[in-house]
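Visitor: Listed here are the chains, written in short residue letters.
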Amino acid sequence: MKIALIGLGFVGRGVAEMITKKDLGLTITGIADSKSGAMDPRGLDIPALLAHKKTLGYCGDPNLSSLDIIDKADYDALVEVSPTNALSGEPAIGYIRAALARKKHVVTSNKGPIALANKELRATACENNVALRYEATVAGAIPIMHTLEQGLAGNDILALYGVLNGTCNYILTRMADEGLTYEQALMEAREMGYAEADPTYDVKGIDAAIKLVILANTIWGNGVTLKDVDCTGIDLLTPDALRLAETDGCTIRLIAEAIPRKHILRVSPRIIEKSHPLVVNGTLNALTLETDMAKEITLIGRGAGSIETASAIIGDLLYIKDRYDGRA
Amino acid sequence: MKLEMKDSPGQLVAALKPISDVGGNIIAVIHQREPGPDHGTLEVQIVLELPEGRVEMLVGLLKEQGVYIQRIGEQRLLYKRTVILIGHLMHTDLSDTVDQVDSTGFAEVSELAMSMPAVKERSSSRLTIKSVTKEDMEAALTILRRVSQQKSLLLIEPLEEIA
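Protein chains in written order, with the working numbering: chain A, 4 to 331; chain B, 12 to 174.
No lab work stands behind these hints, which were simulated from the structure alone. Among the hints, erroneous ones may be present.
Derived, one-sided and incomplete: chain B residues facing chain A with beta-carbon distance under 7 Å [claimed, not checked]:
#1 I97
#2 L100
#3 A124
#4 S126
#5 S135
#6 R137
#7 L165
#8 I167
#9 P169
#10 L170
Cut-off 35 Å, straight-line C-alpha distance, at most; resulting in silico cross-link-like pairs (DSBU-like, lysine-lysine) [as the list claims (entries may be wrong)]:
#11 A:K24 <-> A:K56
#12 A:K5 <-> A:K324
#13 A:K298 <-> B:K141
#14 B:K162 <-> A:K207
Glycine is no exception: its CB is placed at the ideal position from the N, C-alpha and C atoms.
So here's chain A without its partners, still in its complex pose (with noise of 0.2 Å):
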């Protein structure tokens, strides 16, 4: 299967390097970064454009834009890994509209498009009998798309509740077990590469609220937005708060929770049992879904990294690859 491959940052070079290092019936015949694009239908030479990328700043030719590979390279499937725009979605989605709109399937790692827009741009996947798939949008490597769609294929899903923010989470974890202060801890996430310069996305609990209205869109398209979830971030909290948990054999976590029956979508920091499933120590990410054949599940995992997000992006293109053999 052919693969065009937009957007070159720590994802993109995760991707591109694991199709050119394993053997999976992939070939990445289009690439774009933000400044460049490159093509060729019997397949680029991958190693040669990440060491251009590595000395000169970009891959390929100038003269290319990423719509150009999207619109004139001959490839079956759009991987789109380029910056996330949380707000607009841009230029994203319009990468994602172009790529659907010539029958192309869709995979994308990116939040904003399918935070924002993911109806439409299901309906357009529909209409042209392509698919457009988003594993690595949430909770990283954990395969949590493919777990609800076939593994709990027929459950109602009654109710989930996550840790989607790996930055909260190792903050969280360090002020429990270290006694840090908030602002000790957040300062050593930004040492560890695990925060952002500007962390408000994450410590606000943004980024969980996006990733929560992805699940709930997905499980039950109910069309809710960023703005529907009850939202409450991390920043506000004390040593002293999590001494408090302790002494009853607790610890406070930023939890994701949805649950329809009680009109509940909420993000906010919660009193939980340590010996609880959900309490993963660390960057690590966890998901319980309850179910009504399957009861509780809980998926733990990596929320990020290059290569755990590859995995991700990896496993919708075999599903793909699989499910329109023959046409693609």
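Model the placement of chain B on the given structure of chain A, informed by the hints.
Guide: Positioned in the frame of chain A, the structure of chain B alone reads:
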């Protein structure tokens, strides 16, 4: 509950053990050393807390011990939730915050632990609330949510047991 048992050594212990076996908590044991109506039996009244739905199990275990239950008194279910409040708790009148829950009459703050750092810093406290029914607990938490919002306090609720 009021129990009747044989007046012989070890019988009282035998009657109390099942209570802890089902996870109960004995609040009071009233033991009158007067002979019962039937000779050779002993009457004991026990006030206890039991986790929800364990009464039947306890009754079964007591019967196995040969203990006769004369009467089970009023069942008061007890719900307990622990929350944490962070903010300027003293400046926003913590006793008023507690009163607002207590004044409902159906729920009360039964424990309060607090830590206060430097004067101008935000303080943190842990409140344990008890109520008779689940609905009362939900109502108490609703009040606490409203008060927290009014007083700009951060309320951290427990993650409810997944049902």
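Visitor: Now, for every hint given, state plainly whether the structure supports it.
Guide: Hint check:
Taking 7 Å as the C-beta contact cut-off toward chain A, the hint placing I97 (chain B) at the interface holds, the least distance being around 5 Å. Look at L100 (chain B): its Cβ only gets to about 11 Å from chain A, farther than 7 Å, so that hint breaks. For A124 (chain B), the interface hint holds, since its Cβ comes within 7 Å of a Cβ in chain A; the closest pair sits about 6 Å apart. The restraint placing S126 (chain B) at the interface with chain A holds, with a minimum CB-CB distance near 4 Å, inside the 7 Å limit.
Because the beta carbon of S135 (chain B) sits about 4 Å from the nearest beta carbon in chain A, less than 7 Å, this interface hint is met. Interface restraint check for R137 (chain B): the shortest CB-CB distance to chain A comes to about 4 Å, inside 7 Å, so the restraint holds. For the restraint placing L165 (chain B) at the interface with chain A, the shortest Cβ-Cβ distance is roughly 5 Å, inside the 7 Å limit, so the hint holds. With a least beta-carbon distance of about 5 Å to chain A, the hint placing I167 (chain B) at the interface is held under the 7 Å criterion.
The beta carbon of P169 (chain B) comes within 4 Å of a beta carbon in chain A, closer than 7 Å, and the hint placing it at the interface holds. Because the beta carbon of L170 (chain B) sits about 4 Å from the nearest beta carbon in chain A, less than 7 Å, this interface hint is met. Between K24 (chain A) and K56 (chain A) the CA atoms are separated by roughly 18 Å; this keeps the pair inside 35 Å, and the hint holds. Using a Cα cut-off of 35 Å, the hinted pair K5 (chain A) and K324 (chain A) holds, with the two alpha carbons roughly 10 Å apart.
With a C-alpha separation of about 29 Å, the suggested pair K298 (chain A) and K141 (chain B) falls inside the 35 Å cut-off, and the hint holds. Proximity of K162 (chain B) to K207 (chain A) is assessed by CA-CA distance (about 20 Å); at most 35 Å being required, the pair is judged to hold.
Hint compliance for this structure: hint 2 is the single one not met.
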